[in-house]
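A.B. asks: What follows is the residue order along each chain.
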Amino acid sequence: MRGLIGNISRYALHDGPGIRTTVFLKGCPLHCPWCHNPELISHEPEVAFYAERCISCGDCQAVCPEDAILMHGEKRIDHTRCTGCGLCTKSCPAIALVMIGREYELEELVEVLLRDRHFFEVSGGGVTLSGGEPTQQLEFTASLLERLHNEGIHTTIESNGIFPRETFASTCLDHLDLILFDLKCIDSAWHQEVVGRGNERILENLSCLLKTRARDVIVRIPVIPGHTATPENIGQIADHLRKLNVCRYSLLPYHPFGCSKAAALGKIQKNSLPEQAMEQDKLGQWQEFFHGIERVLP
Amino acid sequence: MTAVTLDEIGLKEFTLESLPRLKELRTQYFSRQPEICIERARYVTQYLREHDDSAHSPELRQAKKVEYFLRHKSARFHDRNLIAGNTTSKALGAPLFPEFFALTLWPELETVSDRKKNPQKLTASEASELNLEIFPFWMDKNVLEVTRSQFDNPECLQLFEKLVFFIAAKAGCISHAVPTYTSMLQYGLSGLIKKAAEYEEELAGVTDADAEQKADFFRAVQISLQGIIVHAEHLAEEAKELATVADDPKDAAEFTAMAAVCRSVPVGPATTFREAVNAIWICQVGIHAENINMAMSPGRLDQILYPYYKQDIAEGRLDIGRAMELVGCLWLKIADNVTMVPEASEELFGGAGTVPAITLGGVGKDGEDAVNDLTYIMLRATELLGIRDPNVNARYDYEKNSQDYCRRVSEVILNTKSVPAFFNDKANITALCGQGERLEHARDYAVIGCVELASSGRDYPASSSIMMNLAAALEMALFGGKRPITGEEQIGPATPDPSELRSFEEFWKIFKIQLDWLIEQAITLNEYMGAVHQEMMPSPLLSALFIGPMDKGVDLIRGGALYNSSGATHIAFADVVDSLSAIEQTVFIEKKYTFNDVLEQVRGNFSGQKGVKMRLYLKNHTPKYGTEAVIARKNAHNMIQHLFEKYQSHTNYRGGPYHPSYWTMTNHAGLGGISGALPHGRKAGEVFSSGITPVSGAAPELTACLNAVAELGGECVPGCWALNIKYTPESDVAIMAERFAQTIEAYFRAGGQQVQFNIMTYEMLLDAKKHPEKYPELMVRVSGYSAYFKDLNEMMKDELITRTQYGLDDGRVVPLPPEAKRRH
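Each protein sequence line maps, in turn, to chains A and B.
Per the working numbering, residue 1 is the first one in the first sequence, and the count goes up by one each step.
Per the working numbering, residue 1 is the first one in the second sequence, and the count goes up by one each step.
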């Protein structure tokens with residue numbers, strides 16, 4: 001069984017307890033304009049281009065079978081022609097062209113993850129599956145979680161909440177120790193318009209999950225100026241969480257991580273977003289809405 | 001059962017403000033300029049010229065020479081340090097050992113005081129005495145010249161003198177040992193002398209040559225120890241004299257107390273903590289009358305001194321503050337000397353201290369937690385003083401020592417930004433047991449000099465015998481036994497042109513032919529020089545402070561110790577492994593380049609468009625040591641394994657094994673500076689990576705890097721290694737210390753033997769290079785020891801600046817700022 005992995009981030013400290021390895025699976029059904037990992041939205045491998053590294057040697061053009069290399073201008077890849085075969089990335093001496101997304105056999109991935117077992121053990125850490133949306137590759141995710149649990153590794157998932165509830169419950173849930181569940185907005189019409197899908201299933205999945213695993217769920221709310229960060233939206237989310245008896249939440253402050261990554265893929269993020277990151281200590285005004293629920297630092 | 005009774009192991013209530021004596025001594029220390037002290041050179045020359053009897057055994061001649069010097073050595077008190085005794089006549093002195101390299105000073109007598117980099121002061125009259133009286137006597141009498149004449153200027157010696165293949169350290173020292181002070185403290189030197197006299201007497205009736213030699217040895221022990229006793233008496237007399245002339249009654253009382261201490265110890269058994277501390281120091285001074293001041297390491301002082309500390313505390317004679325003051329005074333005494341460094345060496349290898357190592361914590365001989373209150377007192381003193389020497393090291397057994405201890409050591413490292421270094425008990429004890437040491441002896445290991453290991457007082461390890469440049473072997477394999485720096489001269493075996501090879505295995509074989517040839521040369525020279533040391537420089541005084549020589553009646557230099565290893569360390573490990581992997585990957589697996597393509601670019605230093613492109617490809621697309629790339633792991637493992645087997649197939653002149661190790665002092669910068677381009681994309685002249693550390697920038701992930709290094713640890717590295725890790729400092733030390741400690745523990749669980757840190761940013765080091773005056777006390781870890789950044793040469797400064805910096809908040813490499821990139 002193979003999974004398409006965008007990145008493996010070791011020594012991750014902000015994706016659950018302790019020192020962790022976070023696996024970023026490729027593919028996501030949402031298109032949040034502020035996405036931190038825009039290179040992981042597509043379900044296919046992609047080639048990214050980092051212009052500042054390029055020495056204009058032309059080796060990429062020489063190997064490309066699709067004639068998808070543009071040697072002039074700021075873009076190097078004609079994404080309409082590129083099939084993501086990756087030949088150019090292998091020949092590029094300067095790693096200006098980089099493949100995003102690599103298929104891993106399950107055991108191959110497990111072997112990489114187990115390498116940091118000592119770091120997990122001494123710190124109470126483990127493995128976190130993130131994305132993209134890891135449940136988009138549900139079968140792979142389920143097998144991976146089971147395999148890790150059999151090795152005694154603490155597991156965490158970061159999910160946007162869109163998953164087939166019953167399959168997720170029957171194949172993944174027993175092998176998960178912690179679920180970081182994103183909630184962006186209560187108003188479904190807004191949700192549809194801004195991120196591309198309504199939120200009915202997300203809300204249903206959250207409420208079901210809380211019935212059996214309330215202690216293991218942390219609801220995470222991205223605080224995005226101009227989007228989610230309105231008193232109305234945050235207030236509605238807080239009310240909803242209280243209604244559902246959510247135990248723990250955390251606020252994810254906005255960061256313009258995604259902008260440069262999107263540019264490398266030839267995608268432009270909406271310029272309605274600020275260029276500056278929001279600082280953790282600027283979240284105070286939003287925390288007040290969540291009175292009575294335990295806040296967890298991301 | 002833990003021996004720790006402190007409520008607060010950080011001992012934060014003790015500061016330099018609350019310990020004004022330490023503050024004052026520390027300020028004086030940093031304001032002092034080193035001065036060359038010619039006393040030793042003067043008196044050993046005088047002795048040899050006027051009193052030496054060549055009919056006597058080498059041990060006896062050495063003992064009398066040492067005793068003569070100690071009898072004439074001046075007894076001075078330079079400051080308010082509570083401990084009596086100095087290594088030299090100067091407050092911060094460089095003693096001269098004409099038996100070794102002192103003559104290199106001869107052409108620089110007039111310039112050494114005023115040279116730009118690290119000047120060492122020499123008075124005009126003393127320079128003249130050296131020039132006219134002392135140096136002429138030694139022209140053909142130092143170890144190097146004696147070896148040359150005795151062995152007919154052998155090939156191996158000529159190779160060593162080119163300085164770019166290997167260094168035969170015995171031309172400059174053996175030292176590098178950890179004596180045991182336990183019986184000295186228990187019986188006093190008079191007790192040791194009595195024992196030697198009894199043994200000598202037992203042999204009186206026996207007439208065979210062996211018995212005569214042993215009797216001579218025991219006589220030599222008595223004579224040399226007597227030298228220390230006489231020097232202690234002189235210290236007592238001087239202190240008494242100073243007490244009588246002191247204006248301030250407090251000063252007078254202090255001198256009177258010191259006089260009393262020097263009358264009691266080391267001649268007699270130590271009865272108090274203070275006496276024990278001073279006895280150890282006077283013996284260190286004595287050892288340096290016989291052996292050069294290089295890495296002579298006091299060892300596990302928190303263990304040796306603990307009974308005296310505990311008893312004094314119990315009987316109310318001592319409190320923690322006073323104990324810390326005495327420990328701090330000892331640390332500053334240990335820092336009272338430097339080595340004499342001629343300008344040429346300063347350029348290539350400058351900035352080192354004398355690296356006397358002190359080892360704290362870990363487990364005891366019984367395998368149980370040995371951390372005690374004194375461990376924490378010594379850690380606090382180390383944290384407060386922040387000085388280069390002594391080189392303080394912390395042992396850690398992750399199963400037996402508490403996590404509080406690990407966190408506390410971590411905190412000291414974060415606060416000092418560099419010390420102590422961390423040693424993994426499990427891996428290091430395994431490594432020593434693999435050399436046939438008994439478990440309880442291995443558990444009692446201490447660190448020598450940089451990182452080397454030896455069972456305290458049981459192993460006479462000559463741990464710095466050989467420093468092998470692995471890049472020399474690689475270049476010779478690439479160019480049929482020649483090196484760019486030595487031109488057309490055929491150095492090693494004429495191996496085939498690599499462009500004709502069909503597989504990587506064939507190249508690996510050629511590399512091993514060149515490497516093994518160099519190792520044979522280095523070992524041959526080490527054996528020759530060992531024989532010269534046996535005749536010229538035995539160590540009866542040091543032998544008395546070891547377990548073995550007194551039982552066997554045999555000097556250390558003839559194999560008197562219980563264990564008798566020799567150490568061989570290696571330079572450019574990571575660079576050579578990466579080059580091998582780059583060749584294997586691009587020439588033999590991908591077939592992207594021919595071997596000729598690579599050789600052409602290596603010869604041409606990757607110049608021109610083609611060169612730039614290939615260099616980028618080699619840097620970016622080949623397997624790197626410090627990642628978990630299969631080929632890199634295989635080649636690193638094979639290198640370690642091969643070196644281990646090669647050295648272990650030899651037995652040294654004392655009957656012991658050769659221990660490979662991986663630490664480089666500043667040699668990786670010096671030798672890198674004169675080496676040609678290499679196939680992993682390193683340009684000519686760039687520094688090599690230090691110790692066992694991956695090449696700068698080659699290991700982007702912290703955990704992968706630590707895993708890749710750790711898996712090499714254990715039995716094949718009995719001499720240990722130096723792994724340098726640089727972390728970005730964070731504002732919250734407590735939070736950082738937690739992750740820091742966890743990361744070390746994980747690395748140790750994976751098998752890592754040692755790790756040392758610099759907690760600093762690229763930017764800070766760049767600023768320190770630009771504005772040295774702003775950072776007079778900035779201490780950095782080089783490779784196994786600490787140095788003041790300002791003292792290092794420019795190349796070494798650049799090496800420290802460009803070392804990979806990891807953020808402990810994400811385990812990622814912090815990108816190198818553009819101004820830090822080397823301009824080539």
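Read the hints as simulated data drawn from the structure, not as lab findings.
Ideal placement from N, C-alpha and C gives every residue a C-beta, glycine not left out.
Treat the hints with caution; some may be incorrect.
To be verified - Some chain A residues close to chain B (C-beta under 8 Å, calculated; not the full set): (1) Ile19; (2) His118; (3) Ser123; (4) Ala189.
Said to hold, decoys possible - Simulated pairs of lysine to aspartate or glutamate, EDC-like, Cα-Cα distance not exceeding 20 Å: (5) A/Lys243 x A/Glu232; (6) B/Lys592 x A/Glu232; (7) B/Lys365 x B/Asp319; (8) A/Lys267 x A/Asp59; (9) B/Lys162 x B/Asp152; (10) A/Lys90 x B/Glu628; (11) B/Lys591 x A/Glu74; (12) B/Lys613 x A/Glu232.
To be verified - If the Cβ cut is set under 10 Å, some of the chain A residues that face chain B in the computed set are: (13) Arg10; (14) Ala48; (15) Arg53; (16) Asp59; (17) Gln61; (18) Cys85; (19) Val112; (20) Arg115; (21) Phe120.
A.B. asks: Look at each hint and say if it fits the structure.
C.D. replies: Hints versus structure:
1. Ile19: holds, 6 Å
2. His118: Interface hint status for A/His118: holds (4 Å vs cutoff 8 Å).
3. Ser123: For A/Ser123, the interface hint holds, since the closest Cβ of chain B sits about 4 Å away, which is under 8 Å.
4. Ala189: Violated: closest Cβ of chain B sits about 38 Å from A/Ala189, beyond 8 Å.
5. A/Lys243 x A/Glu232: holds, 16 Å
6. B/Lys592 x A/Glu232: violated, 60 Å
7. B/Lys365 x B/Asp319: violated, 28 Å
8. A/Lys267 x A/Asp59: With Cα atoms ~24 Å apart, A/Lys267 and A/Asp59 exceed 20 Å; violated.
9. B/Lys162 x B/Asp152: holds, 17 Å
10. A/Lys90 x B/Glu628: holds, 19 Å
11. B/Lys591 x A/Glu74: At roughly 32 Å apart (the allowed maximum being 20 Å), A/Glu74 and B/Lys591 break the hint.
12. B/Lys613 x A/Glu232: This hinted pair is violated, its Cα atoms lying about 56 Å apart.
13. Arg10: holds, 5 Å
14. Ala48: violated, 15 Å
15. Arg53: holds, 9 Å
16. Asp59: holds, 8 Å
17. Gln61: Check failed: Cβ of A/Gln61 comes no nearer than 14 Å to chain B, outside 10 Å.
18. Cys85: violated, 17 Å
19. Val112: For A/Val112, the interface hint holds, since the closest Cβ of chain B sits about 8 Å away, which is under 10 Å.
20. Arg115: holds, 6 Å
21. Phe120: With a closest approach of 8 Å, the A/Phe120 hint holds.
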